[in-house]
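Full structure from sequences and hints, please.
Top to bottom, those sequences are chains W and A. With our numbering, the residue at position 280 of the first sequence is 280, and numbering never jumps. With our numbering, the residue at position 328 of the second sequence is 328, and numbering never jumps.
It is worth saying that the hints were derived from the structure and are not from the lab. None of the values given here were measured: they were computed from a predicted structure. Don't take each hint at face value.
A pair counts as met if it fits within one copy or between any two copies, since identical chains are not told apart.
Said to hold, decoys possible - Under the rule of at most 25 Å between Cα atoms (straight-line distance), these lysine to any residue pairs were calculated in the SDA-like manner:
id	residue 1	residue 2
1	Lys222	Gly251
2	Lys249	Glu162
3	Lys249	Pro131
4	Lys173	Arg315
There are 2 protein chains.
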Amino acid sequence: MRTVTFLPSYRKIDIERGKTILDAAQNAGLNMNVVCGGQGKCGKCIVYIQSGKTEFDRQKYLRFFTEEELAKGACLACQTTVQGDLQVFIPESSLIQEQKILIEHRDQKIDLRPSVRKFYVELQPPTLADPSPDLTRLLWGIQKNGGPAAEKIYVPLEVMREIPAILRHSDWKVTGTVGLVPGGYRLIDLQENDTAKRVYGAAVDLGSTTIVAYLWDLVEGKVVGVASNYNRQISCGEDILARVNYARKNGLVKLQSLAIESVNTALTTASDNAGIDREDIYEVVVAGNTVMTHMLLGIDPAYIIAEPYVPVVQRALSVAASRIGIACNRNCGLFAFPAVSDFIGGDIIADILACGMAGQEGVSLLIDIGTNFEVVLGNREWMFSCAGAAGPALEGGEVLFGMRANPGAIEKIVIDPETLIPSYSTINNLKPRGITGSGLIDLLAELFAACIIDRNGRIDTGIGNPRIRIGAHFPEYVVAWAKDTDINKDVVITENDIKNLIMSKASVHAACVTLMKEADVTRHDITAIYFAGAFGNYINKKNATIIGLIPEINPDQIRNIGNGAVTGANIALINRRERKTLDEIANRMAYIELNAEPSFMDEYTMSSFLPHTDLTLFPMVQKMLDACRIKRV
Amino acid sequence: MRTVTFLPSYRKIDIERGKTILDAAQNAGLNMNVVCGGQGKCGKCIVYIQSGKTEFDRQKYLRFFTEEELAKGACLACQTTVQGDLQVFIPESSLIQEQKILIEHRDQKIDLRPSVRKFYVELQPPTLADPSPDLTRLLWGIQKNGGPAAEKIYVPLEVMREIPAILRHSDWKVTGTVGLVPGGYRLIDLQENDTAKRVYGAAVDLGSTTIVAYLWDLVEGKVVGVASNYNRQISCGEDILARVNYARKNGLVKLQSLAIESVNTALTTASDNAGIDREDIYEVVVAGNTVMTHMLLGIDPAYIIAEPYVPVVQRALSVAASRIGIACNRNCGLFAFPAVSDFIGGDIIADILACGMAGQEGVSLLIDIGTNFEVVLGNREWMFSCAGAAGPALEGGEVLFGMRANPGAIEKIVIDPETLIPSYSTINNLKPRGITGSGLIDLLAELFAACIIDRNGRIDTGIGNPRIRIGAHFPEYVVAWAKDTDINKDVVITENDIKNLIMSKASVHAACVTLMKEADVTRHDITAIYFAGAFGNYINKKNATIIGLIPEINPDQIRNIGNGAVTGANIALINRRERKTLDEIANRMAYIELNAEPSFMDEYTMSSFLPHTDLTLFPMVQKMLDACRIKRV
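Next comes the structure, spelled out in structure tokens:
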């Protein structure tokens with residue numbers, strides 16, 4: 001036995017004299033670059049002998065090295081045998097690298113560890129002296145080139161059948177695609193010649209309204225295309241409930257195929273734009289809510305929406321994408337995020353992955369607001385979640401001039417505390433037509449900060465200002481005069497609108513506090529608040545605190561993570577290890593049924609003020625109010 | 001913590017006070033019978049408290065136990081909590097048993113450990129307090145009833161989709177079928193109500209001439225049906241070579257479907273006879289030679305038969321039986337035995353499993369003789385194999401009155417050494433029409449023992465006996481006079497027939513010796529010789545030694561294992577652990593190419609005598625010859 005020490009890692013390995021340095025490196029767990037399978041042809045496995053005795057064919061080396069390099073100890077690891085104890089330096093370029101990728105909204109870089117990899121191998125044709133079977137030859141080639149151990153690679157029958165013809169037709173130069181599956185690996189494809197650079201994957205946010213797809217180059221670790229389109233299921237019902245009822249009456253087939261069509265459209269757009277063949281997409285990761293995921297996979301969602309609200313499946317699922325009609329490589333895998341319950345679906349688990357809270361020591365609060373809201377509180381040890389109806393106010397519904405984030409919608413507002421005149425910005429800078437949810441939060445906070453409304457949300461009609469007036473039914477504040485609008489009407493907010501907004505924000509805040517009580521933490525323990533979802537992306541953090549939508553913490557610790565569902569799907573796509581944590585996250589998360597928590601209603605009542613009945617919970621807002629009072633006085 | 005000691009095993013486990021005895025038993029690794037999932041309904045988990053404090057609802061127990069039994073400490077493990085340190089006796093009837101099965105031709109009993117098991121579970125319907133998903137509920141129920149851990153069970157999409165309807169339609173009483181797959185388990189079927197007793201499997205010997213299928217009840221561990229029929233591929237060519245050439249010209253589809261049809265016919269016959277629904281067959285194990293296995297699976301065998309003789313695949317394969325058209329349960333698995341090379345196929349690996357030689361310390365010799373022969377030499381540490389052409393003589397070809405084992409064939413012969421008159425028995429006791437291979441071996445040995453032929457196989461025409469005469473071309477011996485036959489011809493054996501027989505037996509013996517030299521063992525090291533195959537089954541062990549077909553060892557150590565292929569398949573079917581060893585056996589076996597071994601021809605020449613040039617290798621035969629000479633003198 002001889003001892004080989006590899007630098008710069010100082011990894012040591014004992015090996016029989018006469019074995020190659022490549023054997024030693026592989027035994028030491030170093031993934032060397034050996035495209036030719038160790039035949040001394042590709043010249044990729046260059047190492048430098050720093051000390052010790054080796055044997056090699058000098059003549060052969062002149063093709064690869066100058067005299068100067070040879071003097072430095074350069075040699076090919078696959079063609080040099082160990083004769084004595086050695087010190088061997090491996091330059092980084094001779095190792096197969098795992099690349100670093102930056103995903104926005106997450107502090108740490110994500111390693112590129114896709115679950116699918118391609119291996120180009122040049123095999124020796126069989127001879128009477130080496131008549132080993134085609135499969136053995138191929139899998140050994142893949143193993144030698146840094147792939148998984150041959151015996152761990154399962155080969156499906158349809159690929160097996162193609163092996164002999166492809167090997168011989170390509171003159172034994174082929175690219176094998178290996179995917180990770182439970183308990184091992186799978187040879188999912190075999191192609192002629194070198195196609196190793198063509199490995200793509202897609203991360204999909206399967207929303208009930210919109211589908212977003214990111215297309216990744218899984219070799220380079222970069223996004224090559226993005227596409228989004230509406231979920232065509234909308235033709236069977238606007239919301240989830242309507243669609244499940246449609247399925248109950250008419251069967252699931254149409255809804256499933258509409259979901260598949262919608263995903264296929266997004267994938268086609270993204271791959272066409274990037275000039276990529278969809279056959280080269282080997283993996284699709286999908287994050288969607290519980291009902292959408294059931295529908296996509298053709299699993300009956302009927303029992304999710306009626307008492308006792310039972311999904312069929314909660315765990316992460318890996319299925320063959322082609323089995324459900326996703327148009328990618330015929331052996332493309334599809335990974336669907338796990339869910340926790342009827343309301344905490346794969347989209348929320350993706351949010352959690354996106355913000356990274358499940359790996360942090362500090363306690364984080366994650367809030368995803370739409371018509372419904374979901375709140376998750378936790379850290380790397382524990383996690384609580386709940387969901388509820390926020391009412392439509394925060395999305396612009398049940399508010400006189402509320403509207404979705406379409407062109408002409410006011411999305412940001414500041415009110416001058418002296419003149420009480422608002423400044424605002426609209427989407428696409430058009431004349432205003434209404435106010436978005438984020439605009440309404442700004443408006444509520446600014447009205448409160450300017451002391452136009454009190455803690456009950458009542459408008460102080462005693463202030464002598466033309467913008468404050470009694471409207472048809474309620475006191476109101478004029479945000480834009482008719483002449484400045486696109487609709488020839490004064491855009492106003494009424495005391496009734498404000499009441500609805502306060503009810504909505506009170507629900508969210510009460511949910512946060514309920515989870516905090518459950519976990520026995522106070523606002524001081526919370527190191528981060530993450531807003532997820534389209535709405536969260538535009539929210540003004542300070543104003544969200546002023547109105548008491550969220551517990552007061554240092555505003556620098558509040559972050560908008562945007563579309564966390566697609567970000568989480570991206571992370572799970574490019575790093576298979578992150579995927580492993582998901583079931584664990586879902587399993588350890590406790591789901592709190594708010595309607596079954598008596599304290600929730602109490603919290604809701606206390607939260608139905610600006611910002612809250614207990615001002616000591618909002619010291620920053622308290623200070624602002626004090627300043628406001630002083631000014632008024 | 002309290003300590004519970006289980007009798008009769010004296011297994012101890014520490015457990016929190018208040019947990020049930022069932023919890024303690026499960027933690028201690030004891031598989032208790034809990035059909036109802038521990039709800040106190042089925043009354044199967046009866047144990048007897050021998051000492052220590054417990055708590056239970058006495059009223060509830062009156063349903064299950066008499067006062068007398070209660071006095072003995074009887075209770076249900078699932079309904080009784082641990083309060084103090086306990087001694088608990090578990091009767092065998094409360095445990096889930098692994099049964100013992102005797103497979104003929106193998107010394108040890110084979111445990112019944114099929115790779116497919118069914119679990120009947122009675123689940124609690126979901127409630128608001130327990131809204132866990134259908135899948136979780138089901139898999140936990142299976143786990144509680146002695147099945148694998150819920151998180152290790154993979155659920156294919158088609159089964160997943162059926163879960164919600166089946167659970168509700170059957171009122172939450174279902175039977176789940178769980179199969180072992182690489183890296184875990186798979187829920188392969190879900191049925192309403194209790195079908196747990198209906199688990200069947202088939203072991204198939206896929207011969208190029210005949211297909212034999214054994215149907216097993218995998219719950220009781222017994223054979224319920226056997227069937228055999230011809231391989232319909234015979235319409236595309238009599239032998240393997242002709243069929244591969246047919247496939248080369250016309251494609252593989254027809255040959256594959258004929259193989260499948262042949263297997264399906266055998267399965268249908270066996271299951272119809274046993275009154276079993278083929279839907280309840282969950283596993284098929286197939287042992288066949290390398291070409292037959294390739295054809296069955298639709299893998300091109302063209303490269304096996306031409307230089308350099310390369311199979312596509314050698315390893316054991318697990319595929320979905322329905323994918324290739326085997327008519328069993330739609331989720332039935334098919335396991336195909338691994339091969340070593342072109343000639344050492346899955347049938348030989350099955351022979352090895354059948355005789356058990358790969359687990360023995362002593363060295364065994366396995367011989368499978370047909371037109372070709374295969375020889376394996378080895379023990380639990382090493383193994384050598386070779387194959388060759390025996391010529392048709394041992395199967396009755398190239399011998400004037402040789403014939404297959406059909407009615408009227410002479411299969412056993414004894415010659416009176418005084419009168420030289422033979423006694424024989426024929427198949428079905430009909431008048432003789434010819435002689436089978438085993439009859440020819442008897443004949444050769446008896447002619448030799450009676451000194452009618454010499455060590456060169458020459459007939460001593462000087463003996464004055466009407467049965468010894470000069471025929472049309474060669475000297476010959478009359479086995480049966482025309483009047484006693486069914487063909488109105490004298491049934492004879494000629495000197496030329498004898499020459500052909502000696503050539504055939506010499507090949508086999510030379511192969512044995514070549515392997516023995518390779519492994520550096522002598523006949524004294526050999527503790528067993530196994531004859532496999534139909535031919536081997538009828539062979540007279542002593543006569544095989546007398547003619548020098550095999551090395552001379554104690555005849556008690558020679559065994560006929562009969563159809564080792566189907567026996568091996570049976571073993572692999574009923575015990576999944578035996579299956580795991582197969583790839584390992586195939587991998588560690590060295591294949592010796594006889595044509596490339598110069599010593600083989602020398603051995604062949606030396607073996608072309610009765611029994612061999614070197615009589616010291618056959619001391620028993622030497623003794624017999626001495627006696628013979630004395631008698632003649």
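Tell me, please, which holds for Lys173 and Arg315 at an alpha-carbon limit of 25 Å: within, between, both or neither? Close across copies (22 Å), not inside one copy (40 Å); limit 25 Å.
Intra- versus inter-copy proximity for Glu162 and Lys249 (alpha-carbon distance at most 25 Å): For Lys249 and Glu162, only the inter-copy Cα distance (18 Å) is at most 25 Å; the intra-copy one is 44 Å.
Are the CA atoms of Lys249 and Pro131 at most 25 Å apart within a copy, between copies, both, or neither? between (61 Å within a copy, 24 Å between copies)
Within, between, both or neither, where Lys222 and Gly251 count as close if Cα-Cα is 25 Å or less: neither (40 Å within a copy, 44 Å between copies)
The structure fails hint 1 only (numbered hints given earlier).
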